[in-house]
Amino acid sequence: MMVWIVSFFVLAGAFFGLVAALGVFRMPDLFIRMHAATKAGAFGAALMLLAFAIHFGGLRSWIFSLVIIVFFYLTTPVAAQAIARAAYRRGVAFWEKMGVDRLKESGEIPERSHSKED
Amino acid sequence: MPFADMPFPLGISLILASIFYVVALVLALVRVVRGPTAFDRIVALDLIAALCLGVIVLFAIHFDQPVFVDAALIIALVGFLGTVAFSRFLERDGGGQ
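Which chain is which? The protein sequence lines are Z and B, in order. In terms of this note's numbering, the first sequence opens at residue 1 and continues consecutively. In terms of this note's numbering, the second sequence opens at residue 1 and continues consecutively.
Keep in mind that the hints were calculated from the coordinates and are not lab data. C-beta: ideal position from N, C-alpha, C; glycine also. Just so you know, not all the hints are guaranteed correct.
Stated by the list, open to error - Some, not all, of what chain Z presents toward chain B, calculated at C-beta under 10 Å:
| id | residue |
| --- | --- |
| 1 | V19 |
| 2 | A87 |
| 3 | W95 |
Unchecked claim - Output of the computed footprint for chain Z on chain B, the stretches with three or more beta carbons under 8 Å from beta carbons of chain Z:
| id | stretch |
| --- | --- |
| 4 | 34 to 42 |
| 5 | 79 to 91 |
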């Protein structure tokens with residue numbers, strides 16, 4: 001019974017990693033690609049770590065796996081936000097079918113190509 | 001043959017997961033080589049770090065060595081620093097797209 005659960009989590013984690021890589025490969029735009037890479041990639045890694053904890057059992061394995069999941073989910077959005085902010089400020093092109101830029105409409109970022117502070 | 005002494009569904013699913021990870025790493029590597037801007041390459045490298053974490057955990061299950069997950073902990077802790085450093089550098093002075 002436990003072997004089936006571990007097998008399911010291993011397959012699901014690898015499948016979500018494959019979905020993330022497929023999104024990075026196929027999506028039309030940097031920001032949409034980053035959506036696939038950060039969310040699906042982190043979810044696949046979390047499923048693999050759950051499979052690890054269920055397979056080995058014991059307190060040490062569970063603590064390690066949960067700590068890694070927590071840190072990964074804390075650090076992945078930080079990296080994604082840094083990339084998105086830098087790419088938006090450097091003027092990376094959007095997908096041509098997107099057609100709307102709410103951040104520019106809101107007027108909170110005055111210019112898109114050069115940053116004045118820092 | 002390490003797959004042979006695994007219980008029934010686990011050996012098959014470990015082989016399938018290895019194939020999934022190989023295909024995923026190749027697709028991300030194609031995006032690293034081909035990406036139009038430097039930011040695409042950074043996103044793909046970040047994804048490769050996450051995939052490497054999964055591969056290390058897969059090896060820990062496969063070779064029955066729970067100490068391998070220490071390397072996964074290190075990747076989860078410091079893997080994002082390179083991404084943040086690259087994006088801060090490119091945000092400030094371009095660095096060539």
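Please count how many residues of the stretch 79 to 91 of chain B have a CB within 8 Å of a CB from chain Z and say whether that reaches 3. Our answer is that it holds, as 8 residues pass the Cβ test (under 8 Å) against chain Z, meeting three.
Are 3 or more residues of the stretch 34 to 42 of chain B near chain Z, judged by a Cβ distance of less than 8 Å? holds (count 4)
Any CB of chain B closer than 10 Å to the CB of Z:A87? 4 Å, holds
Answer holds if the nearest beta-carbon of chain B is closer than 10 Å to that of Z:W95; otherwise answer violated. It is violated, given that the least Cβ distance between Z:W95 and chain B is near 12 Å, above 10 Å.
Does Z:V19 pass the interface hint, meaning its C-beta sits closer than 10 Å to a C-beta of chain B? 8 Å, holds
This entry does not satisfy hint 3, going by the numbered hints stated previously; all others are met.
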